[in-house]
Amino acid sequence: MLSPSQFLILPAQPPDTNKVYDIYFRAFAGSALTRILFPSAFPSPSDTLPTAEFRASHTAHTLAWLASPASSFQYTFKAVDVENGEVVGMGLWDIHYKHRDEEEWKWKGVEWLASTERERAEQLLGEMVHTKERFVGGKPHVYCHVIAVHPEYQKRGIGRRLMQWGVEVGEQAGLPVYLESSKEGEGLYRSLGFEEVGRVRHRAELIGESEDVEVPLMVRMPGSLGIGWVEWCKQ
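Per the UniProt record's numbering: the sequence shown = residues 1 to 235.
One should not assume that every hint holds.
[Claimed, not checked] In silico EDC-like cross-links for lysine to aspartate or glutamate, where the CA-CA straight-line distance does not exceed 16 Å:
| # | residue 1 | residue 2 |
| --- | --- | --- |
| 1 | Lys139 | Glu195 |
| 2 | Lys106 | Glu127 |
| 3 | Lys155 | Glu104 |
| 4 | Lys139 | Glu231 |
| 5 | Lys132 | Glu195 |
| 6 | Lys139 | Glu102 |
| 7 | Lys132 | Glu86 |
| 8 | Lys106 | Glu122 |
| 9 | Lys183 | Glu195 |
| 10 | Lys139 | Asp94 |
| 11 | Lys106 | Glu133 |
| 12 | Lys98 | Glu86 |
| 13 | Lys155 | Glu186 |
| 14 | Lys132 | Glu104 |
| 15 | Lys139 | Glu186 |
| 16 | Lys155 | Glu184 |
| 17 | Lys183 | Glu211 |
| 18 | Lys183 | Glu214 |
| 19 | Lys234 | Glu133 |
| 20 | Lys19 | Glu104 |
[Claimed, not checked] Ranges of calculated distance between the beta carbons of each label pair, as one might list FRET restraints:
| # | residue 1 | residue 2 | range |
| --- | --- | --- | --- |
| 21 | Arg201 | Gln6 | 34 to 40 Å |
| 22 | Pro151 | His61 | 33 to 39 Å |
| 23 | Arg160 | Pro11 | 28 to 34 Å |
| 24 | Leu225 | Thr116 | 26 to 32 Å |
Simulated from the structure, these hints should not be mistaken for laboratory data. Since the structure is predicted, the reported quantities are computational estimates derived from the model, not experimental observations. A virtual CB, placed ideally from N, CA and C, is assigned to each residue, including glycine.
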């Protein structure tokens, strides 16, 4: 008989929004991508967490998005430590089970930034986004935006359990699951049946690193579909 798990994976509710994104920003505060996408969150290079002012604004905008009909395809999950009730992980998914028109799926850019900040962010994201658009466009698929686990709770199987929800949806619906991997997450995704279908490169001078960073693009094809990624893309 299995013993009860210390961690539960549950749908995140609107009141969870601040705690859920506490996890995101704690997990990725050191990421160049996070700092480029949210420059006002880290006014000083030495800042390790976003400012309270930014977090309040981010939470308000996220709640407004969740209340809009446009967010109906998006699902947020939380991992909860049942011993103390704390949110310790989060996952963000898009489930597109119907074909969409180009107007619906075409990237509109980083609309919350302006001027040089927007230009830099779009340079960083552009190749990833346009590659995904070429691969899937408006075709039905599952997309994993992010899986994040509190640094003190990592390496305890929480990320795997957060991933399993989207993997199961892909199997049930006969849809591929697509994501952009970090170097740290690549092993987990491969163990769940994901394969690499391409890579994009973040230039060192853009992200402020000493060398370029490669981002694996990964897909998990559902066994129920009976075809591989290349065949699916040709459909």
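Point to revise | Hint consistency between Lys155 and Glu186 [alpha-carbon to alpha-carbon, up to 16 Å] | key: Holds. Lys155 to Glu186 sits at ~14 Å (cutoff 16 Å).
Check your understanding: Given the hint that Lys139 pairs with Glu186, does the C-alpha gap stay at or below 16 Å?
Key -> The hint is violated at about 25 Å.
Exercise for review: Assess, step by step, whether the Cα of Lys139 is no farther than 16 Å from the Cα of Glu231, and give holds or violated.
Suggested key: holds, 13 Å
Point to revise | Given hint Glu195 paired with Lys183 - CA-CA distance at most 16 Å | key: The hint holds at about 14 Å.
Review point. Hey, Lys98 versus Glu86, does the alpha-carbon distance stay inside 16 Å?
Key: Violated - the C-alpha atoms of Glu86 and Lys98 are around 35 Å apart, more than 16 Å.
Point to revise | Pair hint Lys155 and Glu184, alpha-carbon separation not exceeding 16 Å | key: holds, 11 Å
Check your understanding: For the pair supplied as a hint, Lys106 and Glu122, is the alpha-carbon distance within the 16 Å limit?
Key -> Measuring from Cα to Cα gives roughly 14 Å; hence the hint holds.
Check your understanding: Taking only the CA atoms, is the gap from Lys139 to Glu102 under or equal to 16 Å?
Key -> holds, 10 Å
Review point. CB of Pro151 to CB of His61, is that within 33 to 39 Å?
Key: Roughly 25 Å apart at Cβ, these two residues miss the hinted range, so it is violated.
Check your understanding: When you check the alpha-carbon spacing of Lys132 and Glu104, does it fall within 16 Å?
Key -> holds, 14 Å
**Study point:** Distance restraint hint 28 to 34 Å, applied to the beta-carbon atoms of Arg160 and Pro11
**Key:** Violated: the Cβ-Cβ distance is about 18 Å, outside 28 to 34 Å.
Check your understanding: Would the pair Lys106 and Glu127 pass a check requiring their Cα atoms to be no farther apart than 16 Å?
Key -> holds, 14 Å
Of the numbered hints stated above, those contradicted by the structure are hints 1, 3, 7, 12, 15, 20, 22, 23 and 24, listed in ascending order.
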